[in-house]
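Undergrad: What follows is the residue order along each chain.
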Amino acid sequence: MSLTSDDVKRVAKLARLGLTQAETNETLTQLNSILGLVDQMQQTNTDGVAPLAHPLELTQTLRADQVTETNHREKYQSVAPQAEAGLYLVPRVVE
Amino acid sequence: MSQITDLTLAQLKQALDDGDLSSVEITTAFLDRIDSLNPELNAFITITHEDARKAAADADAARAKGKASAFAGLPIAHKDLFCTDGTRTTCGSKMLADFVAPYDAHVVSRCQQAGLISLGKLNMDEFAMGSSNENSFFGVVRNPWDPSRVPGGSSGGSAAAVAARMTPLATATDTGGSIRQPAALTGTSGLKPTYGRVSRFGMIAFASSLDQGGLIAHTAEDIALGLGLIAGHDPRDSTSADQAVPDYTATLGDSLKGKVIGLPTQFFDERLDPAMRQSMNDVLDVFRSLGATTVEVSLDHIAEAIPAYYVIAPAEASSNLSRFDGVRFGYRAEHPKDLTDLYERSRGEGFGSEVKRRILIGTYALSEGYYDAYYKKAQQIRRLIKQDFERALNQCDLLFGPTTPSTAFVIGEKTADPIAMYLEDIYTVATNMAGLPGGSFQAPLIDGLPSGYQLTGPAFGEGAILNAAHQIQTATDWHTLRPESL
Amino acid sequence: MYEAVIGLEVHVQLSTVSKIFSGSSTAFGAEPNTQASLVDLGMPGVLPVPNARAFEMAVKFGLAIDAEIGKESVFDRKNYFYPDLPKGYQISQFEKPIVGPGRVTITLDDGTIKTINVTRAHLEEDAGKSVHDAFDGMTGVDLNRAGTPLLEIVSEPELRSAKEAVAYLKVIHSIIRYLDISDGNMAQGSMRCDCNVSIRPQGSEVLGTRTEIKNVNSFRFVEKAINTEIHRQIEILEDGGRVIQETRLYDPDKDETRSMRSKEEANDYRYFPDPDLLPVMIDDSFIEACRNTLPELPEARQARYIKDYGITDYDAGVLVADRDVADYFAEVADTSGEGKLAANWVMGSVLAELNQTGSVITEFPVSAKQLADLISRIKDNTLNSKTAKTVFEALLAGEGEVNAIIEAKGLVQMTDTGAIEAIVDEVIQENPDQVANYRSAPSDKQGKMLGFFVGQVMKKSQGKANPQAVNQILHSKLGS
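Chains as they are written, first to last, in the numbering used here: chain A, 1 to 95; chain B, 96 to 581; chain C, 582 to 1061.
Extracted from the complex, chain A is given alone in its bound form (with noise of 0.2 Å):
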C-alpha cells in the first residue's frame, strides 16, 4: 500500500494540518515506510478473531443525573487566545 503525494495532502487536509510542499513530500517517504512496517500484520491470520477495544474488557458505570458543574467561566477563559464578551472568537463562519 504505497502512498501518493495527493494521498499526503487529503488526510492532511482532512487532519486539518498545513504541511508546506517540502514537509509533504518527506513526509510521504516517512509514511510509506511506517506502512510498510505496517503491512505486515496483513501476514497474520485473523480470521474469526473478534476485534479487542478495551484490554481489561471491563463495561461502563453509568452517572447519576445530577448538576455538579458549576460556573468558572472566567479561569476557563483566561487561557483562551481569542475571546469577547463570553464568547470564543474565530474567523467569521458562512453556512
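It is worth saying that the hints were derived from the structure and are not from the lab. No residue lacks a Cβ here, since even glycine has one placed at the ideal position from N, Cα and C. Be aware that one or more of the hints could be misleading.
Pair ranges (Cβ atoms, derived) [what the hints assert, rightly or not]:
(1) B:Ala570 <-> A:Lys9: 44 to 52 Å
(2) C:Phe609 <-> B:Glu463: 49 to 57 Å
(3) A:Val49 <-> C:Glu786: 36 to 44 Å
(4) A:Ser5 <-> C:Asp761: 54 to 62 Å
(5) C:Lys744 <-> A:Val94: 28 to 36 Å
(6) B:Asp433 <-> A:Lys9: 15 to 23 Å
(7) A:Ser5 <-> C:Pro833: 40 to 48 Å
(8) A:Ala64 <-> C:Gly784: 49 to 57 Å
(9) A:Ala64 <-> C:Ile817: 50 to 58 Å
Reference excerpt, derived from the structure (chain A facing chain B, CB under 8 Å, subset only) [what the hints assert, rightly or not]:
(10) Gln30
(11) Ala64
(12) Ala85
Given the coordinates of chain A, assemble chains B and C onto it according to the supplied hints.
TA: Chains B and C only, in chain A's frame:
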C-alpha cells in the same frame, strides 16, 4: 557521607519521621541540585521554586504541630503531561508552551493530598510520542550517565531527573514503553501499572486505550510507596478500574522460593545482543539463587505487536489531538485569514514533525476504505497478543526479558529513520496492548551504561512485580550505582 | 409520474438535568459559556462519563415504538472540525445503537393508517452554538449547549409525501411528549428535523439521489421545505439534469432550499469506538424498570377517553395527539363533568384559536378551569351557545373569570317564560305580514319560517333568551 539527594524516598521519609531532616532542608537540597544540573541535562521544563519552598515550610510547621500527613514534605516531580492547576503544562510541545492548566490531574491531586511537594514539570517527547526525548519543543534531555546520549522516552525528563538525583520520585506515563525504556537506559526503576489501575483524568491523552500513568524512582520500594498514593478508582475516568488498592509495601519482602519466572523464547532469540543476554543471565542467576525457577514460554504474536501498535496508537492520537485547534486554548497562528487557515496553521506550526507524522498515519488508518485493513486488523491482533500473554502467565508467575535491545544510543543516531526509533519499543509495546502491568529494574552495567530487565505480570499483579524486583535489589547493588560524573 | 421518497432524521434534545457526558446543567438561556465545564470545553486531559438517565429515556422511547433495545451499546467518535465541536469529534453511536428497529403508525388525512418503520435511534452529544454577527469579521462560539444529550431517531425512507412526513413527525413529537423525555419544542431547538428527499419514476424500485435538508424547525416548514425540494428535483430531472447529493438549508422567507457551502467537502468521519468509554450493558432488569415507568401512551389514552368520557373514536384521536391538549381536555372534562361538551369546545373553539395564532396550549390564555366553569354555566342554563361564545371571547381577551364576565356583561340567560312571552308578543305584533304568511304556510315549510321569529326574539333579548323556551312559546303563540 551521602548527600540528602542520594537518599531514596523511603530513606527521606524515615529521616523526616525521625526528625533528622526537615522538609525545608530536603526541598532546598533538591532545588539546588536541579539548578546546578538542569542547564545541561534539561530534565525540567518548569521548576516551581517558590511554591515548593512554601509547601516545605508549611509541611515542617504541620509536622511540628503533629498534624503532618504520612508523606508530607517529601519531594516529587511530574511529567509535563499531567495537568497542574496554575502551573504551565506543556506536553513538551509548542502547542501548549504557554498553557497554564486550569485544573489538577487526578494523580497530581492525590500526591498533593498526601503532602508530596512538587519540584516542577518534567521534559518529555512531544505529546508522549517518542523513545528518546529528542522530540521535545523544549530541547533534548541528556542522559546523566553520558550527556551525549539519550535518556530514552517519552518520559526522558522523569528518568533523567531521578537518575541525576534531582528528585527521588517522578510521575511518568507509558503507552508503548515510555516508562520502562527510559528507566532501563538511565539505571532507574520504573513501573507501568495495569491499564485502569491509575486514573487518566488530567493526563493529557496520547492513545487512550494504551496510556497508563506510573512512577520512576531508584527502588521498587519507593515505587510501592508512591503507587499506593496514585492507584485507585476515579469515577471521572470511565476506564478506571474499580479495584481495591493493596498495600504494595506489605508484600515487598515475600520470599521468591517456588516462584516461576517465564522466559518468552522470542525475547531470547538470535536477535538479542550478546552483552544484553549476559546482563539478563546475571539477573536470572540471582532469581534462581533466591529460589525461583524458570520456564520457557511463547508469545506467538509478539512480532506483530509493533505494526499493530503503530496503527492503534496513532489512530487514537489523531483523534485525541483534534482538540488542539487554536480556539479555546493553546497555540494560535497569527492573523488567520479564515477558519481553515486558523486550523491548518495553528496545528501545522504548533505540532512537531513526529506528532504530525503520527496524526497523518492515524487519520489514514481510520479513513474510509482503510479502517478494516488497518484499525480493525490491529485490534484483532491485539486480542491475539492478549491471549498469548494469558496463556503464558498461566504457566508462570511473572514474565522476564530485556527492556531494550541495547543501552542508551547517541543523540541524533536514530532520528533520521522513524522505524529505527519505533523498534526501540520491541520488548515493551505488547504489554500495553494487553493492558498488563510491566516494570523495568536495574540490571548490570554494559560498558559503563545502564541496562534494565523487564517483569510483566498478570492484571493487577503490581505487587508481585515489585516484590520480585525488591528481592533482587536486596540481594544486589545494581540499583545503587550512579553516573561517575554525578 | 414521479414518486417522492422521504426519510426523516429527528434530533430530540433529552430533558435530563445534566449533560450526557458531564455534570453541567442543561438549563436553557444561561449567559454564554457559563454552563461549559472542562469536559464540555474539551480541555486537554478530560474524559467523558455517561448519564444514566439519558439511557433510561432512550430505552423508554425504544419500548414505546416496539423496538429492539441494544443490550450492548457502544459509543463511537465521529471526527470532523467545526468551531462548535470542541473536541474535534462528536461522541455518537455508529454500529451498536441503544435502540434498534421499531415502528410507529401514522393516520393520513383521509383516515388511512400507515406503518412507518424506524431504523434505529441512538444517543449522541449536541454541539455548541455559533453567533455569526457578534463581532467584526468574527464568529462567536458558545459551548453551553455542547454536551446536551440528543436522541437521533432515523426513519426508513418510507414516507411518500410532505404530508406523510409531517404526520410522522407529529407522532414522534407526541410520543416524546407523552414519555416526557423532551420539551419537543421545535422553535427552541429541542426537536430538530433533517429531511432526506429524493424522487424516482413511479413504480421504480431504485432510489434516486437524495439531498438532505438540515435543521428545519417547525412542522409547517418541514412540509414546505419538502414540497419545494420535491418540486426542485422534478424540475431538474425534467430539464434533463441530475440531482446532486448535497446538504441544503430551507429558507422560509424565500420558500426555497439552498446548498450549504460549509458542508460541501466530502465528509469522512472516520468512525471508531471511543476508547475513553466502555460498552454500556443494558440488562433485562433495566429494561423492565423502564417499562414499568412508561406512562399511558396515546393509543391507550385514546381508548380510555372513549370509555370514560363517552366521546367518539375520531374525537378521542384528535384530543390525544398532543399530550398537553389531552391533559387540558381531561382537566376540563373532569372539572365540569361534561365529557362531550368539553370535547366539542376543545376541538372546536380552543384548537381553532391555537391554529390561527400558531400558539401552543401551554400558553393558551383560557385555563382548563376557566373553560370548565364556562361549560358548567352552559349546563346549568345560565348561558346559551351564543352567550357562551361571548364569554369565551372575553376569556381570551383576559377580561377575568367566567362569573364576573357574565355579571359585567349581563349575560345571564333569560329563562323566565313570562319575560320571553312578553317579547314574543312584541315580535308578533310588529310583524303581522310574516305572522300571516307563517299561519297560512304548509307545515313542512313552517320550520324554516320560524327561524325569522326566533331571530327577532333573540335580537330583542340581546341573545339572552333561552332558545328552547323561545321555540316552545313561539310555537304555541303562533299556532298553526
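Undergrad: Does the nearest C-beta of chain B fall within a distance shorter than 8 Å of the C-beta of glutamine 30 of chain A?
TA: OK, holds: glutamine 30 of chain A within 8 Å of chain B, min 6 Å.
Undergrad: Does 40 to 48 Å hold as the CB distance between serine 5 of chain A and proline 833 of chain C, or does it fail?
TA: holds (46 Å)
Undergrad: Taking 36 to 44 Å as the hint, is the beta-carbon distance of valine 49 of chain A and glutamate 786 of chain C inside that range?
TA: The hinted range 36 to 44 Å holds for valine 49 of chain A and glutamate 786 of chain C, with Cβ atoms some 38 Å apart.
Undergrad: Can you tell me whether the CB distance of aspartate 433 of chain B to lysine 9 of chain A sits inside 15 to 23 Å?
TA: About 18 Å separates the Cβ atoms of aspartate 433 of chain B and lysine 9 of chain A, which means 15 to 23 Å holds.
Undergrad: Let me know if the C-beta of alanine 64 of chain A comes in closer than 8 Å to any C-beta of chain B, holds or violated.
TA: Because about 10 Å separates alanine 64 of chain A from the closest Cβ in chain B, which is outside the 8 Å limit, the hint is violated.
Undergrad: Determine whether the Cβ-Cβ distance between alanine 64 of chain A and isoleucine 817 of chain C falls within the hinted range of 50 to 58 Å.
TA: Taking Cβ atoms as reference, alanine 64 of chain A and isoleucine 817 of chain C lie about 52 Å apart, which means the hint holds.
Undergrad: Between phenylalanine 609 of chain C and glutamate 463 of chain B, does the beta-carbon spacing fit 49 to 57 Å?
TA: Given about 37 Å between the Cβ atoms, the range is violated.
Undergrad: Assuming the hint says 28 to 36 Å, is it satisfied by the Cβ distance from lysine 744 of chain C to valine 94 of chain A or not?
TA: With a Cβ separation near 34 Å, lysine 744 of chain C and valine 94 of chain A satisfy 28 to 36 Å, so the hint holds.
Undergrad: Honestly, do alanine 64 of chain A and glycine 784 of chain C meet the 49 to 57 Å range at C-beta?
TA: Given a distance of about 54 Å, which is inside 49 to 57 Å, the answer is holds.
Undergrad: For the restraint on alanine 85 of chain A, tell me whether the closest CB of chain B is nearer than 8 Å.
TA: Status violated, d = 15 Å.
Undergrad: For the pair alanine 570 of chain B and lysine 9 of chain A, does the Cβ-Cβ distance stay inside 44 to 52 Å?
TA: violated (59 Å)
Undergrad: Lying within 54 to 62 Å: is that true of the beta-carbon distance serine 5 of chain A to aspartate 761 of chain C?
TA: Taking Cβ atoms as reference, serine 5 of chain A and aspartate 761 of chain C lie about 56 Å apart, which means the hint holds.
Going down the numbered hints, you'll see the structure goes against 1, 2, 11 and 12, while the others check out.
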